[in-house]
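Dock chain B against chain A, hints included.
For the record, the sequence lines run as chains A and B.
Reading the first sequence from the start, the letters are residues 0 to 267 in numbering that gives the first Met the number 0.
Reading the second sequence from the start, the letters are residues 0 to 267 in numbering that gives the first Met the number 0.
Simulated from the structure, these hints should not be mistaken for lab results.
Among the clues, some could well be false.
[To be verified] Quick list of simulated restraints, FRET-style, between CB atoms:
1. B:94 x A:18: 25 to 31 Å
2. A:153 x B:133: 54 to 60 Å
3. A:137 x B:117: 36 to 42 Å
4. B:47 x A:29: 27 to 33 Å
5. A:29 x B:115: 24 to 30 Å
6. A:159 x B:253: 19 to 25 Å
7. B:115 x A:110: 33 to 39 Å
8. A:8 x B:5: 48 to 54 Å
Note that the Cβ used here is the ideal one computed from N, Cα and C, for glycine as well.
The primary structure of each chain is shown beneath.
Protein chains: 2
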Amino acid sequence: MHPLDQATSLAPSSCGSLHGCTCDAYWNFGGPFGGVTAAILMRAVLERTDRLGDPCSITVNFTAAIARGSFDVAVRPIRTGRSVQHWYVELRQADVVAANATIVCAKRNATWAHQPVTPPSAPPAQSIEPMPNDSPNAFVRQFQFRFVEGTLERLPSFDGRLRSARTCLWLDNAVPRPWDFVGLTTFCDLFFGRIFHVQGTVFPAATVSMTAYFHIDSENLSALGDGPLLGVADANTFVAGFFDQTAQLWSPDGCLLATTTQIVNYRT
Amino acid sequence: MHPLDQATSLAPSSCGSLHGCTCDAYWNFGGPFGGVTAAILMRAVLERTDRLGDPCSITVNFTAAIARGSFDVAVRPIRTGRSVQHWYVELRQADVVAANATIVCAKRNATWAHQPVTPPSAPPAQSIEPMPNDSPNAFVRQFQFRFVEGTLERLPSFDGRLRSARTCLWLDNAVPRPWDFVGLTTFCDLFFGRIFHVQGTVFPAATVSMTAYFHIDSENLSALGDGPLLGVADANTFVAGFFDQTAQLWSPDGCLLATTTQIVNYRT
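Pulled out of the complex, with its shape left as it was, chain A reads as follows (with noise of 0.2 Å):
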């Protein structure tokens, strides 16, 4: 089994609700990477035999420290429309919701279709060496990190200079894994906080709230294979402990898979 299936994996619990357990392979500073925690909100309805169409959106909210160990996942069904289906997720250790999530899934309909937006301009994956493996978050192993522009500097401290926000680079998991929602929306947490390209160094932050879009269906994404992902990411303003960080994941192929955007609680 690879190990973001693992990681993500639910089974029904005697209370209705679904059970599962964090997974020191995708650990971060002071608990389980982002992305996988809204990877598993993303699978609980996922594995829904009610549910409809793709996932459309997210909106996961950090809400409380995840730790070792055990954890519940409670789905609710909100609304089914004819074409659009809106969820509520909650994830629980103990009394505690430690996250929490909407999720719009919907049928897709072959419509007029336009993309206003380009893709990033970048050499092939396999032209850039990956960042070294090195780093003390085991979660950062999992994947693999070709940056085409910007690097992630790791610096004691700030140094004062102020470097772009705005990273491109090819994204992919260290071991193979084809593509679906649980690994989009792994992924759309993958990229590094704004802040510390901005400073050139790495100290916890935690994100409060991230929200993604899919503008691709299951069939099309799976037909990917489980190559590597484009990805490009920035900032609008980091201010009184909060940033905003935008990103977009696309094809080699120049689709565009999903955009995201989430805000991030600094101390600095």
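The following block gives chain B in isolation, referenced to the frame of chain A:
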């Protein structure tokens, strides 16, 4: 009382939830203008005496059509940390959840700050003629739209010519209203659907989910008084019945107040 305060006013009801009523002054194609629905959910949290700090983010899902008449709003505190607080809010008509929201509030601290994004350049609002106030959609008449870049054409149907999805414009209330988070939340949804701009024609399209991040606290927000805000909006992709749009709201002196994104369902 300002029309927006009337449209978003909530009274405690006997069952512990809040009670409100739709307002014809903010009617859109088939229901209330989504910005007002979002503001109602925001107000339900703003009026909580156990609220911690100011709104930091909101995700609103428009889960069902809202009929003319009364509705109930239920507010649930999800988790209160030291400086960040999470809420879940539902708007119901009878047994149908017609909208829900996750809202994050936070105490903000003076920290290192940095704003990589630059404000759009625009002539003063007063130097631009507002868009004629002849829309058949009542809510449009509650606001003023002064286009700096792009306009809203209203052809009988799409003529096949692709226009830019990007607009820059001054946005204001028709009746002046001091800035607060009810107003700012409303204005996050005040950008016309990007498909109208691209196709040059206006038709019903339904926002499915909207997320906004706020980059200002209530003190600095109210210090703005009641003037116009400068907005920029754009879209990345229109595919299979859904398009995304992204936007920024700026104060006249170049402070980024809010960044927002939404996903919209269209049929064409």
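Could you tell me which of the hints above the structure violates, numbers in ascending order?
-> Of the numbered hints given earlier, the structure breaks none, since each of them holds.
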